[in-house]
Every structure is written in structure tokens, then in C-alpha cells.
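Kindly generate the complete structure, drawing on both the sequences and the hints.
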Amino acid sequence: MAEQLLEQVRDAVEGQIDFEGQRLSELLTTVLLGAAGFFAFFIGFMAQDIKLTLYIGLAGTALTFLVAVPPWPFYNKNPEPWLSPHTRSGVSIDVDGQKVG
Amino acid sequence: MHSTLVRLQNVFGFFTTVAFSVAAVIALSTFIHPQSPSASVELKNVQVVRGRPHYYSYKKEEYAHIKFDLDTDLSSLFNWNTKQVFLYLKAVYPSKTPDEPASEAIIWDAILPGTSAPWHQNHYIHPTPKSSAKSKNSKKTKPEDAASPYPPGILKLSGQRPKYQITDITGRLQNRTDVQLELGWNVQPWVGALLWNNWEDFGMWKGLLGGRSDKFDFPSIKAGKTAAKEKLDVEKGKEGHRLEAGGKQPRRKGN
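Residue numbers (UniProt numbering), protein chains in the order written: chain B, 1 to 101; chain V, 1 to 255.
Bear in mind the hints are in silico, worked out from the structure with no lab data behind them.
Virtual Cβ for every residue (Gly too), placed ideally from N, Cα, C.
Among the hints, erroneous ones may be present.
To be verified - Under the rule of at most 30 Å between Cα atoms (straight-line distance), these lysine-lysine pairs were calculated in the DSBU-like manner:
#1 Lys156/V - Lys96/V
#2 Lys51/B - Lys83/V
#3 Lys51/B - Lys60/V
#4 Lys206/V - Lys222/V
#5 Lys60/V - Lys90/V
#6 Lys215/V - Lys156/V
Claimed, not checked - If we take Cβ atoms under 8 Å as the criterion, some of the chain V residues that face chain B in the derived model are:
#7 Thr4
#8 Phe15
#9 Leu28
#10 Ser29
#11 Val46
#12 Thr97
Take a look at the structure:
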């Protein structure tokens, strides 16, 4: 029971996502942060207000952290299908006298 | 990017890159704001007196009190990236030997805040012109509410007293010739490099127009006046007293 709970906590903290999710997360990071930087400068420059630049930049960064860091469900839509354990392959693997495959 | 920690590091790493790039672009954007500062500096009155550097001093030195008129339009120095402008007026007088450089001494300075700078006690508050001072109600206002009657960078001072009384390293200042008042400043941006005043045009930035007074001479100390004045005044401006207030008083040698 305790081990199961520990396993769940470990999974939540690690937050693993699949390969497509990793590609998407990387793309979102680049696009969101880049856009935040661009709009921060552009809007601040137009308004001639450097504090606006600061706040837009920080808000965009916070949004990026929120979007890209947690293991959202849409990062796990393409789970990698693992091969089933092949017991009938005819190859036998011995580890310390025990048959494992 | 497979785990939370790696994604955290990746996002933060790219954030530092973006922040640095935006800061660099902001710093460069200063150069596309055209500047055309102008100023007129005129001598109002100059007086040389003998005095002591502080109360317990036996040393007597000559001090120059220089009153001046200053009329500036430095509003083009204030762009979105300007935090504050340190403005100073210095007296420049050549040394007696030709191979030595001229002496420079600051007689007055002010910190002019930009529009987005938060209030600070050291910011310069322009004195209210006499004509509009009467129309204001006599109710005392908080120092936070005090604001310059002109937009940032506009100064209209007449008969301004110096903040600092200047003396020479030799202790003698009377009858020095070819003294000139010169305006200088240091623009301190939010992001980017500190910039001092330029006299020549540089791209979209025009050099300072005016900013130097006519040459004048320090007068000699009036003989009758010093003889009658037995007690020598301590020659110290407002700023000097403020620095001294909490500081140690120099002791007499006899004690």
C-alpha cells in the first residue's frame, strides 16, 4: 500500500511525457517565450512605458512555465507502444541461473 | 524534456536568453530617440570670501559663491528608458601654469527623475515660479505630492544660489581669470549604458546647444569687509551640513 502510494507520488513529481509531448513542449516553450519577449518590447515601446515591458515579459514567462512544465494530459496522447515480452521467441536469457526471457 | 525538472530547466534557460535579448534591444532603442538639448547658463553674481572648511579648522581658505541663471530644455533626454538624469554645473578655470589642465569644480547639481521613476527624497524639486505660487492655496502638501511645475528636463532658475562653495587646492581663489560655468549631465537609463553630455552631433543626437557661460574673473576679497567681519563663517553648503550631521566632528588638537 505504502509502496503504491510512493510510486504515484514519484510519477507525479517526475511528470514523464511521451515523445510527441516532448516535441510539443519544446515548441511551445520557444514560441511562447519568443512571442512574450517580442510583444513585451513592441507594446512597451509603442506606449513608451518600460514598466509595461517588464510586466508583459514576466506574465508571458509565467504563462510559459504553466503551460510547458507540468505533465498536462495533452502531452501524453501518443504513448509509445512497448513490445510485449517475448517469451515464445526461442531465445532464453539466463540471469544467475534464473530464466528471465 | 521527458521529466518536469528537465522542462523547468529548459524553460528557465530560454527565459534568460529572451530577457537578455529584450534588454539589449531596449538599450539600443535609446539611440533612435532624437535628442536636441539646449541650455543657457549665465553668471548672476560672484563673490569671493575667506572662510574655514569646518568649524574647528584653523585653516583659512578662499571660497567663491557663484550665483547663476540656468535655463534648460533637456526634455529630449527623457525617453522611455531614462531612469534619471544627474545634472551638474561646474566652474572651469585654467591653472596658472600652461602645462597643467584646467581646474573643474561642481557648484550645483540635481537629480532629475524620469517619468516612470518612483518617488525618492533626493529627487530635485523645481522651485515654484513666484507668479503661480500665490495662486496656490496655502495648505501644506506632503513632500510626495510636491512636483516640478515644468515637465522633466525643463529648468528655469534665476539667481540660483550654489549648492557648494568652491575653493582651490592652493586655498587661494581671488583674482583668478577666465572662469567659465559649464553644464554637464549623466543620463542613467533603466537598461543600458551611462551616457554623459556630448558637444558634437552624433547620429540622431544633437550636441548640447549653449551650456557654457561667458568667461568671467573671480573678484578680489573686499578688504574692509573682512576686517569688520571678525568671525569667519564656516563655508559649507546644504549638502555638507547634511553629511556632517551624523558624522564625527573633527577634534581640536589641544584636547
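| message | Of the numbered hints stated earlier in the document, which are not met by this structure? | response | 1, 3, 4, 9, 11, 12
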